[in-house]
Amino acid sequence: MHFGLTDEQQMIVDTVREFVEREIYPHENTVESTGEVPAEIAAEIKRKTLELGFYAANFPEEIGGGGLNHLEFALLERELGRGSMALNHFFGRPQNILMACEGEQRERYLLPAVKGERMDALAMTEPDAGSDVRGMKCVAKREGGDWVVNGTKHFISGAEHADFIIVFIATGEDQTPKGPKKRITAFLVDRGTPGFEIAPGYQSVSHRGYQNMILRFEDCRLPDAQVLGEIDGGFAVMNEWLYATRITVATMSVGRARRVFDMALGYAAEREQFGQKIGKFQGVSFQLADMITEIDAADHLTLASAWRLDQALPANREIASAKLYASEMLARVTDAALQIYGGMGLMSDLPIERFWRDARVERIWDGTSEIQRHIISRELLRPLGA
Amino acid sequence: MKVLVPVKRVIDYNVKVRVKADNTGVDLANVKMSMNPFDEIAVEEAIRLKEAGKASEIIVVSVGVKQSQETLRTGLAMGADRAILIEAAETVDTDVEPLAVAKLLAKVVEEEQPGLVLLGKQAIDNDCNATGQMLAAVLGWPQATFASKLEITDDGAQVIREVDGGLQTIKIKTPAIVTVDLRLNEPRYASLPNIMKAKKKPMEMKTPADYGVDVSPRLEVVKVVEPASRQAGIKVGSVAELVDKLKNEAGVI
Ligand SMILES: Cc1cc2nc3c(=O)[nH]c(=O)nc-3n(C[C@H](O)[C@H](O)[C@H](O)COP(=O)(O)OP(=O)(O)OC[C@H]3O[C@@H](n4cnc5c(N)ncnc54)[C@H](O)[C@@H]3O)c2cc1C
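Chains as they are written, first to last, in our numbering: chain V, 1 to 386; chain H, 1 to 253.
Calculated directly from the structure, the hints in this document are not laboratory data. One or more of the hints may lead you astray.
What the hints assert, rightly or not - Calculated lysine-lysine pairs in the DSSO-like style (CA-CA distance at most 27 Å, straight line): (1) V:LYS115 / H:LYS197; (2) V:LYS280 / H:LYS197; (3) H:LYS197 / V:LYS48.
Claimed, not checked - Which residues of chain H face chain V? A few of them, derived with a C-beta cut under 10 Å, are: (4) LYS171; (5) PRO175; (6) ARG183; (7) ASN185; (8) SER191; (9) LYS199.
The beta carbon of each residue, even a glycine, is placed where N, CA and C say it ideally should be.
All chains, please: the whole structure from these sequences, using the hints.
Have a look at this one:
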């Protein structure tokens, strides 16, 4: 067993850290106060990431990606997690699900996404179907050899910048002993397709500037060529590729927690009350002890789950545990950091309140904490027949 | 033309330096170490020379502890071609003195015959600002220090130097020693493909004994202390009060 990084891994970590500190941090206040990323800053971050060969680092080298394995990519995203989500969206990491592209889809979607020429987004959630993905109402019906789509998706991150979106749509229903069960298909939908609209979403307290959009389909016609994977095979592609977003949430939570922790530690060592550093009060120092212990635990849990993927070991439960624990850890750590900063922690003059707000969404998106607990417990109990 | 770039592993410029309780030095246990920022500028300049077809090969060399390998790998990941580590210290607390480093570098220069040695003007740990100058003296080579612009010409180089009160342009013959200042360039990040390639680039491991150089210290550190903290200032209520205090208390006007 070995817990150290190789020279290459250390350099990846150092380089991304430096990039985030120099190219992302300086723009964070602008994004926070305006709620959007200025186009020229987005373009600059993207250009530099491409130049450095870090764009699409999660894709194989053969198709122009960075060729990182899961562990290395988790290390990269951990450092990115320190910075604003809205800005590091342009440190492009297309959805790995695009690896399911076949034939000419590779030329139209996969390769341009890896090159940074076209940006993607992914849409599953609907107003009436969140955790219960299968409850989706967005439906595609066969008509003259094509599919005709009607329905609505919401909360779709990054769709405002997307050139195309991977959309999960119901394509039929099976009757089972437990009742009707929807069949689902993944589609590649280009921005500008007639009958497809990308509309502004809601204002979120978390990650200002990282917007979420509403997608509307009204008799939108899609040919079979737009099907990603097999017809009715939506769950298969989901299961094969969507684990990655949960590791992203976990590892970015760890990175952000470390940034917040360093600030809280520094503050505890500087701020004086009752004639001494507040870090001398056990009430403060023990909070720091708990914070770093939880951060390290989440870090190890997350990296170990990514490592399992690289070893081709089963990792579904471990990834769910990492996502659950890291996102809940971040909530506790940002809350404790704010407490250590006292009143000043709540003021927008310091970034602590932002980290505290940002932390809230991590327990909700990419499967709520409850859904992660469901995944973990089902894996434990189902083999026992319970 | 080969370019030799000596690089030093130092405490990272972001780390808040703390003096050890026994006043023997600064605390280097468990702190982040990086390439000396001025040396990064030297590596960057060498890479730009190579990209412009003015340099054929870039060799990074470091004198210090075994962990300086990481620093050299960073140089290789930025774009240097090969590396030499001269392991001259066993613990991170040992700072090899400029004269010893200069003598070792002179031996490397004899072996490698570079047309240019590019060094940082100083290391941010001890701020000696001496190695480049000493190396020029040991070799008897021309030197241009504090370069903020470097141009390779047919018979040498033209260097703009940052001197007190302005800029000085000088011409030197090569082979030469050039030490670089902050404004020469902005070093690049290591690219992902170069990071992955760095491991395959050669790194030679040497010791001072290989070069017959004595690196034992000639200086004795007596005491290391924190800089005195600044006294708190005072607020004055009016210009008249300010003038009065400057005249009668500070005695400066
Ligand atoms: C900012 C933001 C960005 C997002 N980006 C995207 C995106 O890009 N693409 C996309 O497809 N989706 C996206 N989502 C959607 C996100 O994945 C969903 O919000 C999440 O899956 C939860 O769905 P819901 O909000 O509808 O909550 P619901 O599913 O309605 O859940 C409500 C509550 O019930 C609980 N609950 C539900 N089912 C169970 C159960 N079986 N057992 C126990 N408790 C349960 C939940 O845990 C939760 O506490 C985004 C969401 C947000 C907030």
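Hint by hint, here is what the structure shows:
1. With a C-alpha separation of about 21 Å, the suggested pairing of V:LYS115 with H:LYS197 holds against the 27 Å cut-off.
2. Our distance criterion of 27 Å between C-alpha atoms is broken by V:LYS280 and H:LYS197, whose separation comes to about 47 Å.
3. Straight-line distance between C-alpha atoms of H:LYS197 and V:LYS48 comes to about 20 Å, which keeps the hinted pair within the 27 Å bound.
4. Below 10 Å, beta-carbon pairs count as interface contacts, and H:LYS171 has none with chain V, the closest being about 35 Å; its hint is therefore violated.
5. A distance limit of 10 Å between C-beta atoms decides the matter here; for H:PRO175 the minimum to chain V is near 31 Å, and the interface restraint is violated.
6. At a threshold of 10 Å, the smallest CB-CB gap from H:ARG183 to chain V is about 17 Å, leaving the interface hint violated.
7. Using the Cβ-Cβ criterion of 10 Å, the hint placing H:ASN185 at the interface with chain V is not satisfied: the shortest such distance is roughly 15 Å.
8. Look at H:SER191: its Cβ gets to within about 5 Å of chain V, closer than 10 Å, so that hint holds up.
9. With 10 Å as the threshold, the beta carbon of H:LYS199 comes within range of chain V, its nearest partner Cβ sitting at about 6 Å, so the hint holds.
Comparing the model with each earlier hint shows violations of hints 2, 4, 5, 6, 7; every other hint is respected.
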